[in-house]
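Participant: Listed below, chain by chain, are the residues.
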Amino acid sequence: MNKSQKIFAMLKEKRLIALLTPKTADECLIAYETLQPLGIVLEIAFRSEAAMDGIKAVLNKYPDALILAGTVMMADQAEAAIHTGVAGIVSADYIADVVDVCVKYDILSIPGGISDAGKQLVQKAKLYGCDLTALKEKYPYQWIYKLFPAISDGHSNMGLAKAWKGPFKGLNIVYTGGVTLDNLAEVVKSDPEGIFCGSALTKSIDEPEKMRMEAKKWLEMIHGDKKI
Amino acid sequence: MNKSQKIFAMLKEKRLIALLTPKTADECLIAYETLQPLGIVLEIAFRSEAAMDGIKAVLNKYPDALILAGTVMMADQAEAAIHTGVAGIVSADYIADVVDVCVKYDILSIPGGISDAGKQLVQKAKLYGCDLTALKEKYPYQWIYKLFPAISDGHSNMGLAKAWKGPFKGLNIVYTGGVTLDNLAEVVKSDPEGIFCGSALTKSIDEPEKMRMEAKKWLEMIHGDKKI
Amino acid sequence: MNKSQKIFAMLKEKRLIALLTPKTADECLIAYETLQPLGIVLEIAFRSEAAMDGIKAVLNKYPDALILAGTVMMADQAEAAIHTGVAGIVSADYIADVVDVCVKYDILSIPGGISDAGKQLVQKAKLYGCDLTALKEKYPYQWIYKLFPAISDGHSNMGLAKAWKGPFKGLNIVYTGGVTLDNLAEVVKSDPEGIFCGSALTKSIDEPEKMRMEAKKWLEMIHGDKKI
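Residue numbers (the numbering used here), protein chains in the order written: chain F, 19 to 246; chain D, 19 to 246; chain H, 19 to 246.
Heads up, some of the hints might be wrong.
Any copy will do: because identical chains look the same in the list, a pair fits if it lies in one copy or spans two.
In silico SDA-like cross-links for lysine to any residue, where the CA-CA straight-line distance does not exceed 20 Å [unchecked claim]:
id	residue 1	residue 2
1	Lys-221	Asp-149
2	Lys-183	Glu-67
3	Lys-234	Asp-224
4	Lys-180	Ala-218
5	Lys-21	Leu-153
6	Lys-156	Met-92
7	Lys-221	Glu-232
8	Lys-30	Glu-227
Note that these hints are calculated values from the structure, not bench results.
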């Protein structure tokens, strides 16, 4: 399995991504060392200058680490992140150039938004030279889209994801934006197979033990009585 | 009149599309023979493998049949459907490649989504070599967009369609996703010239007479006391 | 400062755009002469045939006038409006061709919609040959997007704008569609740095003094006790 396949398996199992906009490279290491043992995927947002250094710090220390580069908006950022060894690329919109780069390296690509779920699947299929059915079967880690924002100002967009699963059966949805411990139960109920992403998970980055305890609460909320 | 002009006239008159994801080619024939006499347009969704066979079955038996191919996401699907003789192409997102093919053959193209109403009109105008005013006048069947999802998880997106009609006056909207007999009255009230599409219309495909009676209820709800 | 920088400064100060779909060229002159002294930016919508004549009438009489061309959907419309001397281009969707033309002339470009905030920033950055951070710093008047519709059928989309400000910090938002004096207080509260646009501001175009008084009410609602 390549890194994208491995991180996708992790996303399907624990269904939780912790989003970190690092102030320092060290924060990335702390977040990774705290959350990875729980099976939680770390996404490091490129909206911070410390992001690239943080990604390198994690991958230098743990070459097999499975981490996501987030808020990747330009093709050269995607190239740089992939060459550093990230397992996947997340964006805050659907940027065709970024998807191009990801498919070129066969790397998990998670574009985001509220309206381009189909477009990005079609682009991926075209780039792999197959149809949508084959994309889903051969490259299941590309059968994914980020609903962003999932919740904004109290208003939920989650119904959109339900609708997309009509034409794009089994589409994996990452719910990002506005997801907190307070509304997680409701969000999980709306998509019992969803993958959830929150920056709230890393807000206690200065107190790793507290962060770890909070992360466990998220996992309990998602998986309930099931063995996690 | 070509097939696209004819089906557009039908859509403007009865304003109802029955969406079928066929399990067998035969189901397409049953749905067509039951709903066509009522003036209801049949859309056959490509998300099923029986779709292409079903479209062929209808068109072999009724060469003048006016049917829509739905969930068409790739250019080659659009080409194939058009060569089979469909009167129009519906998509579950706005896919520029699919619109390219449709305009090449001057076939009704109904891209869908919640955000690309203007983009697809501009692309169509460019391809026809005209401006938006001329597009609306010369190719009225292309002055159309599918609001998808119209309703999702109880939340209505229909206000978007109202807003689009500011810059794109008289835009024909197909309301798809979440439209059922229970909310049809409300949906119709929101757009008294709207075109409505529901898969609920074909859920009784195994009992054609029941399907026919239900379809009549939809028509009554849309047209009220007016002669239908 | 070029015209785009000047109109952007005006937008940042009074934060109000009056949208006019002119019936005659004269109406543009009346609206400009009434609203410009209040610091309100006039947007003349291309959805009317009198628009181009009206823009020319204003710019012939006031060569330094700072006005926006609105509902610009095609590249050649953008070219024509820019050659006439407008200070910026507003669209009712994100049309990549229109953004191309605007950046070519380094003219303020305000694409609109509910889902392409990031795409258009990325396109602008690519065309200027820089990254998003540099775009924001060097071309702050391009760090902008129009939320359209802001409000539709009583439903607010303003939470989307809040969410975008996560990945696109400090993004300037123009709130268009459904904004009236009745809901302005609520809209302003949702984004205390927002720019607001309403066609309601020009509905009394036949009674300029009434239009002026109404416009002052909008300004008071936006700026409250602050000196305006």
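Participant: Against each hint, give a clear statement of whether it holds in the structure.
Facilitator: Tested hints:
1. Lys-221 x Asp-149: Answer is neither; intra-copy 41 Å and inter-copy 27 Å both fail.
2. Lys-183 x Glu-67: between (36 Å within a copy, 17 Å between copies)
3. Lys-234 x Asp-224: Only inside one copy: Lys-234 and Asp-224 sit 17 Å apart there, 49 Å across copies, limit 20 Å.
4. Lys-180 x Ala-218: between (24 Å within a copy, 16 Å between copies)
5. Lys-21 x Leu-153: The answer is within: 18 Å in one copy meets 20 Å, while 33 Å across copies does not.
6. Lys-156 x Met-92: Classified as between; 18 Å across copies, 27 Å inside a copy.
7. Lys-221 x Glu-232: Classified as within: same-chain Cα gap 10 Å, cross-chain 45 Å, threshold 20 Å.
8. Lys-30 x Glu-227: Neither: 25 Å inside a chain and 44 Å across chains, both beyond 20 Å.
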